[in-house]
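Student: Below, each chain spelled out in residue letters.
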Amino acid sequence: MTVDHVVVRPGELALKGRNRKGFEDCLLRNLRAVLRPLGVERVERRWGRFYVGPVNDARRIAAAAARVFGVVHTSPALRCANEPAALSAAAAETVRRWLAARPGTGDVPFKVRVKRADKAYPEPSMDCARRLGGELQAAFPRLVARLDAPELLLECEVREEGSFVFVERLEGPGGLPVGSEGKVLCLLSGGIDSPVAAWLMMKRGCRVELVHFDAQPFTGPGSLEKVRALARVLDGWQGDTRLWVVPFAPVQVATKDLPQPGYRTVLYRRFMTRIAERLAGRRRCQALVTGDSLGQVASQTLENLAAVEGARGRLPLLRPLLTFDKVETIRLAERVGTYEVSIRPFEDCCTLFQPDHPVTRGKAEVAARLEAMVDVDALVEAGLAAAREEDVARVALG
Amino acid sequence: MSEEPQTYGASALRYLDNAATTPVDPEVAEAMARSLREDYGNPSSLYPLGARAHRLLEEARELVSGMLGARTVVFTGGGTEATNLAMRGQFTAGRTGRVLVGAADHPSVLETARALEAQGCELSVCPVDRLGRLDVEAFTDLCGEDLRLVSILYGNNEVGTLPPLEPLVAAVRERAPRAHLHVDAVQAFCKVHFDLDRLGLDSASIAAHKIHGPKGVGALALGARRRPEPVVTGGGQEQGLRSGTEDVCGIRGLALAADRWISDLAGIGARLAGMRARVLEALARDGVAHERVGDPEHCLPHVLSLSFPGVSGEVAMNWLAERGLCVSTGSACSQRGEKGGKTGSKVLRAMGLPDEVVQGTLRISFGRFTTDADVDALCRELPAVVGELRALGL
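Chains X and Z are the protein sequences, given in the same order.
Each residue of the first sequence is one higher than the one before, starting from 2 at the first, in my numbering.
Each residue of the second sequence is one higher than the one before, starting from 113 at the first, in my numbering.
Looking at chain Z on its own, in the form it has when it is part of the complex (with noise of 0.2 Å):
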């Protein structure tokens, strides 16, 4: 990036931490700050300015669509908000019905889901093994003629488990076929191939500000059939489906974002997988002992979860924090209240993993701005901080 590099103390800030959210590429920003200025005009309006406006509108809804292999998308405020519509939308006006999600699943499915059930709807929750992988077995099972509405993980976004996509989407199709089709792919769309219409999907959610777009910012795309009902009611923006004025900025930013990583999926994510190996190499060669948590195989590229047994995550992650290092925990001891405060993380414990394993785990999330200076330092400063933290018994 062009502009000074961001510190944090004494040392350069290096952001490790790209599944949480990432720093909006630069020329993204730029072309925001312009469009922000200039596409002021509301898309609805029909004089030439509202009309650029909706122009705008459309190409983006075009190009996104053509990413995702979408017949549509909807723009939302947001990877959650794109969520609630897919599920939300196919209980709309009382109706019920069972609900099928993942055990390892994003809070976003997880949560709805159980409003959902609170309003009547019946819940099954298909278990993940210890790789964070559906029980292909199990699920199909799960399936059956009076499932309504099924969401799949495409992606864990703690341990970057990927599902075995193509015999899930057959189980439903074969045993559940009224069922809506939803895929959480806030974490992969970008980072793997991902195609609506080949998979026979019914809608997927994704998210700028994980591919280096704005926050604030999402889309659900869908297939032909099986649409949700609106959640949002209004003036009937986005085929009626999210009413509000649209965020024009923001949702050119978004398509900036997608188009500028798109057009090279493959070679960046060989880049950044090729992050995860350096460090994996350099825990090797320094003889720090961990586990790697999660699909080993089946994974998104950017995403690596490793556990220390013994060291507490959270503390491991404020010391590299303290070093310039942002990286997060697989759990947190936040939660006060149970003694010991050995909550940790819902997906974690949905593998079966145990408490040492759960309590030590720390994510590492690379992005397109990772420069390999960020990896060098991440591989000094890992294993000496393990290295301490187990001196010190903590």
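The shape of chain X in the complex, shown without the other chains (with noise of 0.2 Å):
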């Protein structure tokens, strides 16, 4: 008898030594977390695998587990006894279904593969897969061996707990569990950059919270919705995403008047940075992540960053992307799925108190000189004080 399962592959934690228990643990977490919504109650853990099944809908629960950290890939599988005649059977099952998704009459190139892990299993691998492309070819007439890039590769793998006959994997993401390296709090502007940033630290397994510093009113709500649209986006990777806003209008009012407009967006930064520092205290976080990109724009040129990080504390100032092309950063924000929000039209209107000439060489001295003119201490006070968490979910339909 064969029953459909999902079978799913972590990645590195193999390689974690005296870690691997806990990274497990999370996985685990993470998976039920994810899984649970889709009505799955429970997921089996053994060496180096996780299995989910019996289950109805196979290919959606794959898909669902290939998006969680610290998975690289899973596969709609059917499960069977360890015996020569259960594999035949489920492989059988497998290749009809495939071929009949697929109807025609060309051949089809087609190789099976096995791997043998539970060496209780009489047949050596080779005289399994060898037996396996004998019955499939018998039984299908389309199908026509072939070696080199076959068209169907039916993989079957005969573990103590189980064999399991599949044809697909799906990718997952890789990386570390969410959650399994702590927290970070990451500054969220409406940007293709930022979500990355983010994304990536999730990637390393941290639990990434998020911070916008919001323009209004001299910008509409728009900028802000699509803040929380990519908010949206991320939680689909790590779940139970938190959104913190921070209205930003009073530090841009009380610095519009400073000499020296050229240094407005290095002080804007370093405000960002102080008020962060400060929430990122409060949640909890152990580092602050930016989209930074070296020299990708004016602001951030080595000098600028510096100068920004002169405002900052004790926390680290994480920046994922710091050597990234822009190309590459925008490739992985197709991945990601946050690029079709990110280039939605920006009602930006830093443009407002944009300086025409912004200085690309600053210096840490004259900010602060700069910032010595308005109350520092206050405006971060007050914009931690006003700084409001945001529901990022949808809105219901009925």
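Hints are computed from structural coordinates only; laboratory data are not their basis.
Careful, some of the hints might be misleading.
[As the list claims (entries may be wrong)] Partial chain X-side listing against chain Z, Cβ under 7 Å, derived: (1) 101; (2) 218; (3) 219.
[Said to hold, decoys possible] Among chain X residues calculated to face chain Z with C-beta under 10 Å, some are: (4) 217; (5) 220; (6) 221; (7) 222; (8) 243; (9) 254; (10) 258; (11) 353; (12) 354.
The beta-carbon is built from N, C-alpha and C at its ideal position, and this holds for glycine as well.
Work from the hints to combine the two standalone chains into their complex.
Tutor: Written as structure tokens, this is what we have:
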């Protein structure tokens, strides 16, 4: 008898020696959280593998599991007993379904690959593959054996817990399970870069909280809506995402008449860093994350990054995109699913305060001298006090 | 309206952007809800349920045709689709020819004209003056035997300017007898009297959501001759010009909304123009420096375009929104990229207005459900916001 299952293969966990159990526990929790809304009650954990089943909609569950960090591949599979006859039946059923979805009469180059991890199973891998190949060819005349680049690759894994037959591997994001590396706070604008920075931190096992600095009422509510949409996409990768919104107009007003308007961007970023660091402390986040990429725009020179960094206290400021080209970031943003949102027209009235000639070689001392003309502490406190959590959920349809 | 007033934060919501869209008339909404449940029959079905839907549809067609002085109307999924049918419908099957549109036209016309140009048509764009009026002389010069399509915007959506329709129509008829003459009447419908037959037009676009009807419903009114070819093909509904099962409920909503407005067109128009006058008086009383944008004499009654030079229209809009007042900008610095974001409204730029005026423009537009309290709030908050922003140097 065969039953539909999903096989989930974690990645680097196997490398992680002593920490392995902790990582696996974390991944198991995350898988359960993602699959519970799909009606999955139980996720089975075995040496280096997770299994979900029996299930009715293996493809959908495999696709959902393939969006969990720490997973490298998932496969909808048929599970059967470790017996030659059971393997034959599962292989035939798998091929029957595959061909049914591709009607026609043309030849299908195919190959069988068997991996015997359970040495108690008597038939060696190569013999088993040959046997199954012969049986399938006899049963399905469209199949022709082809060892290189087959169109249909039927894989059988014979393991202690049972045998799994499948034809599909869905690629997961890899990395480490979210939550295995603590928590960070990512500064999220409406642009292309910062959501990718957040995603990369998730990929390395961090739970990522988000903070957005909101220029309303200089801008309309549109840019905040865009940030909420970005947060929703990111939430699909980690679940339970928290988005903090800090009103930024008071800082813009307080600094608008300072001399050297070219320093405005640097000053804004210094204020954002200060407020974010305080918020991170309150939320027990262990680092700040930005989407900075060296030299991408005038404000992201080494000097300016250093000038912004000067406002930082003790928390590390991480810049996962520092060395990325724009095209690399865009490619990732497309994979993450944030690109389409990020390129929506931006209601960005920062242009209102944008100086004609922003400094490209800012100095922390100059920034500090300008800041001495305003009450920095009061502005930071006020920003922190006004920070509010934004619900990222969609408005209900009914 | 009978329902609880809407609020925005602590302030009452004051909707003063009726040229963008309008709140649905509660009576229309109710009639539509009933129709949505009951009149679900397909007008093409032959049993009584379908026949009833067909009858309701044709009655709506008669009503709307009558209001516009049209031979018939083709119901569409909105004003833009109606305009696309009128324009693209002249150039099906690879036909080409010259197209004449106005520089301050709505994007549904301008972009469609550009698309026609890309498929081989020749495009002529008639300039407008500083009031947004088509230059009759230039327009007449652009008319000629080779012209296949003319589109005139009747009632500019940003500044309200009404073009001198009669001399323009006469120029087309005299010099370009083969041209299909389309009028984009989306803003003017119900606001000013408008008669296809009397003016001798071939088609006019209208939309329900500008007159307290539903969104997603519009119509192309047609005269007797020079009909377009279909752009959407299928089951041959709407006299073959717009296939697809008819939205009986939405079409009924359009007809009812129009009927409720047009039965008192002059009275409502006078009331809306009165609101506009009150805002201008308040600005004068408070000594707020401003410029009226558009033609103050030949103007849609419900649109008031104002510029506050030196103030960013976009910021003023956002500040008014904070106080519950919904108005729109004549310009948007939204397009990033261009340094300083100085893109601004295409209409205002076509009118040749200086940058300072373009960036400082706000559009206020009234509707049948605008109350005196709404206007009071605007007369109070508009001078205040402009004053505050000027003090901030924004």
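Student: Just pull the numbers of the violated hints for me, sorted ascending.
Tutor: 1 and 8
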